[in-house]
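A.B. asks: Sequence:
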Amino acid sequence: MRKSLTDHTESLHDIVMSIPDDMSIYKWFLYFLRILDKIWHYPIVAGENQTIALSNLVIASLLLYFGVKVAKSLSRQIYLRFISRLDIERSAAQAFEKATYYGLIVIISFIVLDIANIPLTAFTFVGGALAIGLGFGTQQILNNFVSGIIIMMEQPIRIGDIIEVSGSGTNLSGIVTNIAARCTHIVTGDNIDVIIPNSTLLQNTIINYTLSGEGTIRHAIEFKVSQENDINKVSEILESVIYSQNNILEFPEPQILLINVEERLLTYKITFWIDLRADISRAIIVSNIYNELFREMKANNIELNAPLYMYGE
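Numbering-wise (this note's numbering), the sequence shown opens with residue 795 and increments by one.
Keep in mind that the hints are not guaranteed to be accurate.
Claimed, not checked - Quick list of the computed label-pair ranges, beta carbon to beta carbon:
{"hint": "1", "residue 1": "Phe1045", "residue 2": "Ser1020", "range": "31 to 37 Å"}
{"hint": "2", "residue 1": "Ser1006", "residue 2": "Ile986", "range": "24 to 30 Å"}
{"hint": "3", "residue 1": "Ser967", "residue 2": "Glu1022", "range": "38 to 44 Å"}
{"hint": "4", "residue 1": "Asp987", "residue 2": "Asn1041", "range": "22 to 28 Å"}
{"hint": "5", "residue 1": "Thr971", "residue 2": "Lys1092", "range": "38 to 44 Å"}
In case anyone wonders, no lab produced these hints; they're calculated from the structure. Model, not experiment: these values are computed from the prediction. We put the beta carbon where it would ideally sit given N, CA and C, even for glycine.
Throw the hints in and build the complete structure from the sequences for me.
C.D. replies: Right, dumping it as structure tokens:
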């Protein structure tokens, strides 16, 4: 390349020297432009049918840089319009946003290759070598990418869903905040951001509390009291405690059941429904019920027999 530029410079020097001395400023300016023009069109790769000049690579690089930015901005605008103007779920709009983005990237890549004057046949050998590399080095990345596409298309989980993931050493619960091509972002109840590979989600058991759109779950509390207590008074206290809770759903209605009668004990079961999407956590709701239950029982001289059982259904 250095020898070729030297030859061009020497030929340009002869041309410039033929310009009269009274035009010396223009002479050197023209000389400088000529050199830039030769550099700009200098062939980096020269073949029988294809020539790749420096100008091709520069223009292609700029197009690739700004094209990626435009693709990201355009796909984002499409997502925002889908959310604001059309009755489409957020997760579906995001899936369309990702598909639009990757589709634009593919189109831009073909345009960039054409401008750079690089034929697709040049990737035949490279593609074979990459295929071997992908089989060993990037298998997990491809697995996560394909899993992400499956999640976006089938939508077993969506943005805003409350899920619980368990199995293969993974055990966590939280709210889905983002579903990307490679991984999914979940925020736990402790406000910790957890990034899970998409393949992990598909390979493990997922409990989606909000898949049906309701986002409600039933809880139950079991406890025992002595038969010597007035059962009407016990039922009255239980109703008062349950219906005084503002964060328990009115429908389905809470239930107070006497489920077992032993020799000296009565077993009661309280069932109630809560909304997982509410601002208050279910742990706080259950804690409030416990506190109120113990307070009212003690005020009415009713002794609770341990243990108490609480579980979600």
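A.B. asks: Next, verify each hint and record whether it holds.
C.D. replies: Hint check:
In this structure the hint that Phe1045 and Ser1020 lie 31 to 37 Å apart at CB holds, the actual value being about 33 Å. Judged by the Cβ atoms, the range 24 to 30 Å given for Ser1006 and Ile986 holds: they are separated by roughly 27 Å. Against the hinted window of 38 to 44 Å, the Cβ-Cβ separation of Ser967 and Glu1022 comes to about 42 Å, which satisfies the hint. Here the CB-CB span from Asp987 to Asn1041 is close to 26 Å, well matched to the stated 22 to 28 Å.
Checked against the hint of 38 to 44 Å, the C-beta distance between Thr971 and Lys1092 comes to roughly 43 Å, which is consistent with it.
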